[in-house]
Each structure stands twice: as structure tokens, then as C-alpha cells.
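*Asks:* Sequence:
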Amino acid sequence: MTEIVVAGAGIGGLAAALGLAAAGHRVVVCERNADFTELGAGIQLAPNGLHALAALGLSDEVRRIAVPVGELRFMDGVSGAHVVSMPLDERYRARFGNPYVVVHRGELYRLLLDACRGERRIVLRPASPVHGYAPEGDRVRVRLGTGRELVADALIGADGLHSTVRAQLVGDGEPRTAGITVYRSIVPVERVPGELRSRSVTWWAGPGRHFVHYPIAGGRYLNLAPSAENRPAGTFSGRPVAASEVQEEFAALCPGARRLLRLGTEWRAWVLVDREPVAVWTDGRVALLGDAAHPMLHYAAQGACLALEDAVVLAGLLRCAPERIGARLLRYNAVRRGRTARVHRLARASIGLWHARDEAARARNAALGAMSAGDLHTYVAWLHGERDFDTGGGGEPEPGGAARRAVAAADAE
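Counted from 1, the sequence shown has number 534 at position 161 by my numbering; the numbering is strictly sequential.
These aren't lab readings, by the way, just hints derived from the structure by calculation. Please note: incorrect hints may appear among the correct ones.
[Stated by the list, open to error] Computed beta-carbon distance windows for the label pairs:
(1) G611 <-> R468: 18 to 26 angstroms
(2) G520 <-> P460: 52 to 60 angstroms
(3) P580 <-> T550: 14 to 22 angstroms
(4) T550 <-> G518: 24 to 32 angstroms
(5) E522 <-> S571: 47 to 55 angstroms
(6) E463 <-> S571: 15 to 23 angstroms
(7) P460 <-> V653: 38 to 46 angstroms
(8) T608 <-> G725: 36 to 44 angstroms
(9) G505 <-> P695: 19 to 27 angstroms
(10) V496 <-> E547: 47 to 55 angstroms
(11) L569 <-> P695: 54 to 62 angstroms
(12) E696 <-> P580: 31 to 39 angstroms
(13) A407 <-> R549: 23 to 31 angstroms
We put the beta carbon where it would ideally sit given N, CA and C, even for glycine.
Generate coordinates for the entire structure from the input sequences, incorporating the hints supplied.
*Replies:* The following block contains the structure:
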């Protein structure tokens, strides 16, 4: 049985482990932290993310924890006027094959973690950071921070934004700071006035800032996530901040948005960072996945979805003899880099859309307000409609579409 080491036990790493185990490999997941936990609050999952979870055999489980969203609603954050809504109705579900849902990040993480713990081919190793690797013939030697070494048939770097595997493979230094701070809080829904409750993902767009909120955890909480271009000094992640700081930062928003923000307590803040897309994220029998491969800003709400897609496509391509792993990793890179770079560009460009000022904001509102439901669905079709993989018996991932063509091409080389 081939053995694959996965560096990082985040959402992408655990999904990769599940897919690779279903493909017949023994998988060792090396996590740098002593505990298996995931920070954060809400995650939006478009149909492409749900397709990937279904390919991992988790469709029923994720539907039990997910909150279906009725619409994506866009508001002018200064005037309070409704600009446009994208209905996520039967027409949307029929077109894209799945609903649009929101989940609590911790619940999705526990679902993946429990599935890994129930898979006999997966070994979870806490407090085992991957510090580097060295090719060794047709295998790879993986160096851990504990001083131990593992020898495997492949190494998958799913160790996030500050990936040590990427540092060796790509060597592109520290992440790029976007100059934006995102603040997060969750509020028990019973504290939210009835007229402010909805099953929508709502954006309030203002000058140099915007505010997103939606229900999570089965509708028991409201997730609050305002962002501001405030050029923070340095970088930080999950730093506690006072509610007064948040209220002051978003004082330019309309009374309706500020009323919701006042509900937030125990706020934490993150500085947004990303990296430039790279064309190559493989090195022999080593490859990157998720944020280690293509970290991006959260404005496209696709980070988790793309990591899940990566995991399914990778697992499908690695249904192969051990001697073909290197070629298949190259093909995985080729299949994924174009789509992920396109989403990366969209996420960066979205800053100008959501944070527009004055005449640019008015032009944006007019353009969006003129779009029909069908227009909006077509606009996101390339993003939400991706289902470039299918499942075989028992929910095991197999490559489909471009990934299937990639397998054929790799086999022909």
C-alpha cells in the first residue's frame, strides 16, 4: 500500500486525507498544533463546494449542519437602500445541482475530522509540524519538527498560508498584506430582533469598507464579518478587539447596518493577506493544496470550496500505480492552477466593487440593479457551477471532466 504524508490538518488537509484514503492509499496527517481545531466562524459553501463534499462521501452529513441560503442580498451601506438580490431558489439549484449554504467552520471541521478518525487508512499525528522534505529516489523523505523523519510515496503540503512546504518548494517569502482588517463575531439569534433575521447572506457596501452577515450553526447564531481598509500596522490573526473599535470603524454605515454591528460581542480581528498566484506548486513527489497552493482574499467566498475541489481532483488523479505519482501530481497542478488563479483575481478585484466611493458606488449600484436573476446566475456560473469530478461506488472520488482528460494525458506520457 502506498503511503502519502499530508502536512496540515485544516479543512483542505483532512479532505485530501479522506480522498486519498478512499483511493486506496495509507495517509499520515501531520498537524503542527497539539490539538485538532479550526479557528473562525462562518463559511459559505456554493454548489461547487457541496459537489466536492459529496464526492468525499459527506453529502448527508454536511446537509445536517448547513443552513440553506435564500438569497445573496446586496445593500448600499450608506443609504441603506436595497440594490439587488440573487435568488438561490429552485432555478439556481436546478442549474448548479446543489443549494448555496452556510456552515459554522468548527462544525464542518469536526465533520471532516470525525470522518478521518473513522477511516482505518488514516493516521492523525498532532504536534508533528513538517519542517522540510528531500527527494529520495522514487520516494520523499519528510522531516518533522520533532526530529523524526518519515519516508513516503508523496507529500501533500496543505499547511496553510504560512506553509513550510511552500517555503521550500516556491520560496516566495512572506504573504502580501492587503491593508484590510476583517472583524468577526457571532451572536445568538435570540438576541437579533425579528425584523433583522433572514436566511440570506447580506452585504452592506460602504466607502472603503463593507459588512457581511448570515446565519450559521443551524440558524442558532448570526455571523457578523465587517471589513475595513484601515492599513493596520503589522499582521495579526484572531486578535481580541473592543466592540467600540468596531463601531467606530463602521460609523459611516447606515443605521440598519450599525444596529446589527452593535449586537456583536467578543470581537476578534484578522489582517487579510494573500500571495501572488504561481504556475508551479509541485516538486517531484511533492505538491501543494488549498491555501498553501493558492491563498486568496475571502471576497470571493471560495477558499474552502477550492481546497475541497483540490482534494477531490488530487485523489482522483492519484488512483494510479506508485511509479506514476510524479506525473499525476504535475497533471493535478496543470488542472487546478488556471481556475484557482482566476478566483484569486476575482477576490482582489472585488475590493473595488464592494468598497467603491461616490460616483463609482453609484455606477456599481446602477449596473447591479439592472441585472435580472438569470443575469446574476450566469455571472457566477463559472464559479458556482464547477463539478469537474464525479463519484464512483461508495462515494469514492474519481476524476471527471478535465480531471479525467488529465488522467488520460498523464497515462499517455
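*Asks:* With reference to the structure, classify each hint as holding or not holding.
*Replies:* The hints, checked one at a time:
Our hint of 18 to 26 angstroms for G611 and R468 is violated, since their Cβ atoms are close to 37 angstroms apart. Between G520 and P460 the beta carbon distance is about 56 angstroms. The supplied range of 52 to 60 angstroms therefore holds. At about 21 angstroms, the beta-carbon gap between P580 and T550 stays in the expected band of 14 to 22 angstroms. Separation of T550 from G518 is about 26 angstroms and conforms to the stated range, judged on CB atoms against 24 to 32 angstroms.
Distance hint for E522 and S571: a CB-CB separation of about 53 angstroms, consistent with the stated range 47 to 55 angstroms. For E463 and S571, the hinted distance range of 15 to 23 angstroms is satisfied, since their beta carbons lie about 19 angstroms from each other. A beta carbon spacing of about 40 angstroms between P460 and V653 agrees with the range 38 to 46 angstroms that was offered as a hint. Here the CB-CB span from T608 to G725 is close to 22 angstroms, at odds with the stated 36 to 44 angstroms.
Between G505 and P695, the C-beta spacing of about 22 angstroms keeps the proposed range 19 to 27 angstroms intact. Hint check: V496 to E547, Cβ distance near 32 angstroms, so the stated range 47 to 55 angstroms is violated. Distance hint check: the CB atoms of L569 and P695 are about 56 angstroms apart, consistent with the given range 54 to 62 angstroms. A hinted range of 31 to 39 angstroms is violated for the C-beta pair E696 and P580, which are about 57 angstroms apart.
As the Cβ distance of A407 to R549 is approximately 30 angstroms, the hint placing it in 23 to 31 angstroms holds.
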